[in-house]
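One-letter residues, chain by chain:
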Amino acid sequence: MIEILVSLILISGIGMSGFRRVNLLNRGFELQSLAIALVCLEKGNATGEYHYYILFFLTLITKVIFIPFIINRSIKDTKKTRETDLILSGHWSYILSGISVALCFVFLRGFSDYLFKVGCILIITGTILMMGRKKAITQMIGLLTMENGIVLFEISMVKMGSIIEFGIVFEMLILALVMGVMVFRINKTFDTINTDYLSNLKE
Amino acid sequence: MKYFIYSIQSLTLLMLTPLFIGIIKNFKAAIRGYKGFSVFQPYFDLKKLCGKGRVISKSSSFITAITPILCLSACVTVTFLIPVFFNDGNSYFGNLFIIIFLLGIVKFLSSLLGLDSASTFGGMGSSRELFISMFAEPIMFILVAFLYMETKTFNIFSITLINAAILKYNIAHIIAAIGFAVLIMAENARMPVDNPETHLELTMIHEGMILDISGRDLALMELASYIKLIVFITMFINCFFPLGIASSLNIVSICVSFISYILKVLGILVVISIIESNMAKFRLFRIPELLSAAFSLSLVAIVINYF
Amino acid sequence: MHDFLSLYFVALIIIAAVPVFIYSLGYLEEYKKNYSIKYFWVMMILFLMSMIGVVLSDNSISFIVFWELMSTSSFFLVIYEYKKSENIKAGIMYFIMTHISGLLVMIMFILITKYTGTYDFNTITSLSKQLTYFQKWIILTLALFGFGAKAGLVPLHAWLPKAHPSAPSNVSALMSGIMLKIAVYGFIRTAFIFIDNISVYYGVIIMVAGTVTAIFSITNALFQNDIKKLLAYSSAENIGLIFSTLGLSLILRSFNFDGLSALTLTAALFHALNHAVFKSLLFMGAGSVLFAISTKNMNELGGLYKKMRFTGICVFVGTAAIAAIPPLNGFAGEVLILSNFIQALANLKSPGISIIIIFCGITLALTSGGVIWASVKTFGITFLGEPRSIKAVKVKSIPVSMNVGMAILAVYTVILGMLSPFVINYIYKWISKTSYINIVGYEITIASAILILITLLIYVFIKTLLKEDKVVVNETWGCGFNNSKPYIQYSPEGFVQPGLRLMSNIVSYKKEVKVKETVYIRGRIRDIIELNIYSRIIKFVDFVASKIIKIHYGKIQIYVSYIFISLIISIILVLKFV
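Residue numbers (the working numbering), protein chains in the order written: chain A, 8 to 210; chain B, 3 to 309; chain C, 35 to 612.
Errors might be hidden in some of the hints.
[Said to hold, decoys possible] For lysine-lysine, the following DSS-like pairs were computed, each having C-alpha atoms within a straight-line distance of at most 30 Å: (1) Lys54(B) to Lys340(C); (2) Lys154(B) to Lys463(C); (3) Lys50(B) to Lys72(C); (4) Lys430(C) to Lys60(B); (5) Lys504(C) to Lys60(B); (6) Lys54(B) to Lys519(C); (7) Lys49(B) to Lys497(C); (8) Lys117(C) to Lys67(C); (9) Lys60(B) to Lys117(C); (10) Lys263(C) to Lys340(C); (11) Lys54(B) to Lys504(C); (12) Lys428(C) to Lys118(C); (13) Lys154(B) to Lys519(C); (14) Lys425(C) to Lys340(C); (15) Lys141(A) to Lys283(B); (16) Lys66(C) to Lys425(C); (17) Lys154(B) to Lys383(C); (18) Lys330(C) to Lys60(B); (19) Lys86(A) to Lys283(B); (20) Lys27(B) to Lys283(B); (21) Lys428(C) to Lys340(C).
[Said to hold, decoys possible] Here are the simulated distance ranges between beta carbons: (22) Ser384(C) to Thr54(A): 36 to 42 Å; (23) Lys340(C) to Asn172(B): 57 to 63 Å; (24) Asn30(A) to Asn290(C): 52 to 58 Å.
Just so you know, these hints were derived from the structure itself, not from any lab. All residues carry an ideal CB built from backbone N, CA and C; glycine is no exception.
Turn these sequences into a full structure, and let the hints guide you.
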């Protein structure tokens with residue numbers, strides 16, 4: 008069962024690096040967070056510690072229900088649903104994320120636990136998503152993907168403390184709220200959320 | 003004796019192919035909400051086409067005469083070289099490369115057929131088909147490499163035998179299966195690469211190449227493309243999820259494996275119908291993006307398995 | 035040299051050359067009015083004899099003598115039609131590049147003699163353990179550049195698309211089919227037999243050089259409009275494939291997988307034989323088109339099958355062979371090469387080299403997809419459809435000897451394809467010196483036999499059971515469009531337009547649209563290596579030459595004194611350093 012979920016995480020990670028519609032990115036992020044929550048549940052059943060169940064509920068509530076809802080609201084308000092020009096064009100971003108996933112597996116082949124490697128891969132995919140796009144919404148989704156990767160890092164460690172992930176989850180929640188409001192505000196002031204034009208703020 | 007069973011299973015596959023295509027069309031009709039025709043309709047369609055006369059364009063050459071027969075014989079030859087529901091592991095035939103290159107005959111000959119009739123639609127279908135297949139070749143290479151590295155053999159009968167003993171699939175297997183599924187869609191002119199139902203200029207790749215043949219030739223080419231789709235689906239099932247296939251000659255295990263094969267094929271046909279009814283066809287220059295996504299997935303599958 | 039390698043290459047030369055000679059009997063009718071035929075035959079026979087001499091020679095001196103004879107006689111054949119000025123320019127570029135390769139090969143043999151002290155090939159092989167690491171690297175680098183310039187590896191390939199279209203078609207068939215393989219023979223002789231224990235990195239360099247050649251050449255081949263230039267680039271791509279396989283064999287040998295390394299070398303040799311057979315066939319087909327219509331531009335051709343039926347069928351067999359269609363011989367070679375890449379990947383354990391092998395294998399699969407596109411374009415636009423210009427309507431009839439020559443090679447293609455396991459087992463037995471005969475299973479023969487049987491069964495079934503066959507010949511339907519003219523067919527540039535949009539940077543494609551009384555569209559592609567690297571080197575050499583020209587005063591006494599001074603200096607150098 009864990010294998011299917013981990014492969015779902017990998018597929019959604021690679022697939023998201025080339026999508027253009029923000030709706031699809033939202034759905035991919037939801038799917039990924041759902042898969043991570045179910046991995047937590049499985050691990051909780053396997054070892055019996057209550058940390059895992061808490062993490063499962065937190066991830067479910069914040070990342071599967073709440074954050075996509077906020078992103079949906081801000082998309083509907085600003086009416087920007089597509090990203091037409093990307094810095095890295097479509098097929099190059101797929102190939103780049105595929106090659107970086109492969110190199111990640113090569114360099115980390117000493118570790119036997121694959122959740123650690125998948126965590127690294129999600130961090131790298133989130134970075135590619137952030138660097139290769141111009142709109143603020145997709146950059147935020149990239150940041151959230153990176154945070155998913157950090158959660159996976161933590162699950163794979165043996166001794167886990169709940170304090171760390173409480174802190175991270177709350178930080179991400181506040182970030183999502185702030186970003187949602189700010190994107191709406193930026194759009195109202197400048198009529199665009201394309202970061203190219205934000206360099207006009209210099210003068 | 004076992005060669006007799008191999009021939010029987012291939013003939014069964016050939017007989018059942020139009021029935022499977024009728025089932026796809028029925029599923030699509032059920033999803034879209036109208037009452038479609040009966041599942042045996044493709045048999046009657048092929049029979050009707052064979053009875054009609056043929057019109058040949060005056061610009062055509064020997065290509066129009068030999069292509070339908072050669073395409074159909076290549077597809078039928080491949081049917082005799084793969085396992086369907088009985089597998090005893092032999093090494094006289096069944097090399098994966100030979101199967102893939104035999105299916106490449108169909109692509110080569112139908113591209114020439116498109117250029118043969120001196121019409122614009124034919125050339126357009128040929129050039130787009132060759133463009134897509136140029137980018138689908140690396141994915142095929144990586145998937146064959148993946149299967150070899152799992153099972154250390156190129157023979158499809160041995161691959162099925164070794165993979166039938168696995169009960170728990172690891173990550174690389176599932177990701178490679180998804181890559182192969184995208185390849186099935188690209189090579190067989192299904193959504194979202196090509197629309198098999200329309201004859202409009204913007205949406206035809208496979209239909210454009212066979213636009214100018216009629217009657218008996220059209221029946222042979224249609225049957226060849228149906229067989230190609232079902233052969234790809236059978237290869238997908240037997241290489242990646244062959245659980246339940248019979249390896250010995252008693253009646254009970256053959257019946258069980260036949261029923262499980264039919265159920266797996268029906269499951270895949272349901273998925274194909276759902277995808278075809280819900281997605282629109284991609285623009286031509288978005289198709290290399292889809293194929294490069296499948297390429298990345300297959301590359302990840304090999305690397306996970308290797309390290 | 036009575037080695038299996040030499041005898042194999044002699045067999046390759048004779049198999050490919052005899053049909054070309056039969057073809058030339060008819061082809062030279064075209065040249066009887068303007069040029070001398072006796073000169074042509076003398077040069078052709080000299081060319082063939084010098085190639086056989088290179089392959090059979092067993093010491094360095096005779097190798098170099100025959101090599102220079104081969105280069106010079108092929109130069110005279112390339113500029114045979116000297117009345118057109120672009121042929122002379124192409125010939126001079128070919129002359130310079132082939133003498134650069136001859137110079138590097140000569141330096142390599144001189145260094146080998148200096149290090150081992152003998153000229154004889156057998157003795158060099160047995161003394162090869164005495165060479166130091168540094169000496170081996172110098173010899174191998176000179177071998178790569180010298181033989182690579184003759185074979186057409188990137189970036190030394192720029193003479194190929196200029197020399198092959200300028201030469202008469204039977205000369206192009208000989209050069210492209212056989213002469214490039216002589217360079218491959220020289221390379222195999224140096225890297226596999228003379229020198230033992232090469233480091234892994236050399237094999238990696240060869241494999242990457244071959245792969246880059248393959249992908250670069252097929253990208254340029256797709257977008258050409260001239261038949262012979264397209265076939266020349268396609269030859270470069272196949273040579274890249276052969277060198278890539280040779281690199282893989284060297285890598286496997288340095289990891290001590292001797293059986294697999296011998297199988298990979300067998301795959302490279304078999305592909306060399308296949309390429310000689312089907313490339314000669316295709317060049318002879320292009321020659322027939324040129325003979326009948328006297329234009330090479332694909333924009334003006336079309337519908338030639340109706341008027342040249344036998345030629346059309348032979349060129350169809352050649353096109354199917356290069357596109358790797360079962361049961362012909364290109365398919366058998368391609369299957370062996372790709373399965374060797376995958377087997378090498380599964381057996382090697384070092385991660386860096388495995389990654390390079392994966393990427394080379396992927397690029398080779400991409401080039402085989404591109405080869406199918408280029409070959410369908412060549413056959414389809416030239417022979418099928420309707421004539422695209424008035425030149426393609428009136429066609430001269432083709433002499434019988436040209437058809438006979440092509441038919442012999444088409445029959446060889448089919449035989450080598452269906453009986454390929456026997457040929458491969460035979461070569462493997464001699465190369466690896468074991469008696470393990472069945473390294474490749476007989477699956478290809480069985481599958482081809484089943485294919486032919488089923489084709490016959492279906493044909494008989496159709497003829498007997500579906501007897502009512504009303505056939506009506508009418509205009510093309512094309513969705514009901516009635517006013518069809520020849521220019522609504524796909525043009526050669528339009529056929530590859532999706533690829534052109536993606537790869538326009540690599541071929542530096544420029545399109546220009548002018549609107550005067552009607553719309554003029556012009557597009558051109560250039561070879562980017564020639565554009566950037568060669569023109570800069572030529573400008574630099576020009577600059578240096580313009581400075582040196584100041585020492586030419588025009589008086590004969592100064593020249594004699596120059597010769598005297600350089601003679602004294604070389605005597606001093608020889609006495610001091612040797």
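Status of the hints after comparison with the structure:
For a cut-off of 30 Å, the pair hint linking lysine 54(B) to lysine 340(C) stands: about 27 Å separates their Cα positions. For the proposed pair lysine 154(B) and lysine 463(C), the alpha carbon gap of about 24 Å is at most 30 Å, so the pair holds. Distance restraint check for lysine 50(B) and lysine 72(C): the Cα-Cα separation of roughly 65 Å exceeds the 30 Å cut-off, and the hinted pair is therefore not satisfied. With a CA separation close to 22 Å, the supplied pair lysine 430(C) and lysine 60(B) stays within the 30 Å bound.
Our distance criterion of 30 Å between C-alpha atoms is met by lysine 504(C) and lysine 60(B), whose separation comes to about 15 Å. Restraint check for lysine 54(B) and lysine 519(C): the C-alpha separation of about 29 Å stays at or below 30 Å, so the hint holds. For the suggested pair lysine 49(B) and lysine 497(C), the alpha carbons sit about 16 Å apart, so the restraint of at most 30 Å is met. With a CA separation close to 13 Å, the supplied pair lysine 117(C) and lysine 67(C) stays within the 30 Å bound.
In summary, the hint linking lysine 60(B) to lysine 117(C) is not supported, as the alpha carbons are separated by about 41 Å, beyond the 30 Å threshold. Between lysine 263(C) and lysine 340(C) the CA atoms are separated by roughly 25 Å; this keeps the pair inside 30 Å, and the hint holds. For the hint pairing lysine 54(B) with lysine 504(C), the CA-to-CA distance comes to about 8 Å; that is within 30 Å, so the pair holds. Only pairs whose Cα atoms come within 30 Å are accepted, and lysine 428(C) paired with lysine 118(C) is accepted, the gap being roughly 24 Å.
Between lysine 154(B) and lysine 519(C) the alpha-carbon distance is near 56 Å, which puts this suggested pair outside the 30 Å criterion. Taking the CA atoms of lysine 425(C) and lysine 340(C), the gap is near 15 Å; set against the 30 Å cutoff, the hint holds. At roughly 27 Å between alpha-carbon atoms, lysine 141(A) and lysine 283(B) fall within 30 Å of each other, so this suggested pair holds. Restraint check for lysine 66(C) and lysine 425(C): satisfied, since their Cα atoms lie roughly 22 Å apart, inside the 30 Å limit.
Simply put, lysine 154(B) and lysine 383(C) have alpha-carbon atoms about 15 Å apart, close enough for the 30 Å limit, and the pair holds. For the hint pairing lysine 330(C) with lysine 60(B), the CA-to-CA distance comes to about 25 Å; that is within 30 Å, so the pair holds. About 25 Å separates the Cα atoms of lysine 86(A) and lysine 283(B), which keeps this hinted pair within 30 Å; it holds. Pair hint lysine 27(B) plus lysine 283(B) holds up; C-alpha atoms about 18 Å apart against a cutoff of 30 Å.
Proposed proximity of lysine 428(C) and lysine 340(C) is supported: the alpha carbons are some 12 Å apart, at most 30 Å. For serine 384(C) and threonine 54(A), the Cβ-Cβ distance of about 37 Å falls inside the hinted range of 36 to 42 Å, so the restraint holds. Taking the beta carbon of each, lysine 340(C) and asparagine 172(B) are about 58 Å apart, inside 57 to 63 Å as hinted. Distance hint check for asparagine 30(A) and asparagine 290(C): the Cβ-Cβ separation is about 56 Å, which falls inside the suggested range of 52 to 58 Å.
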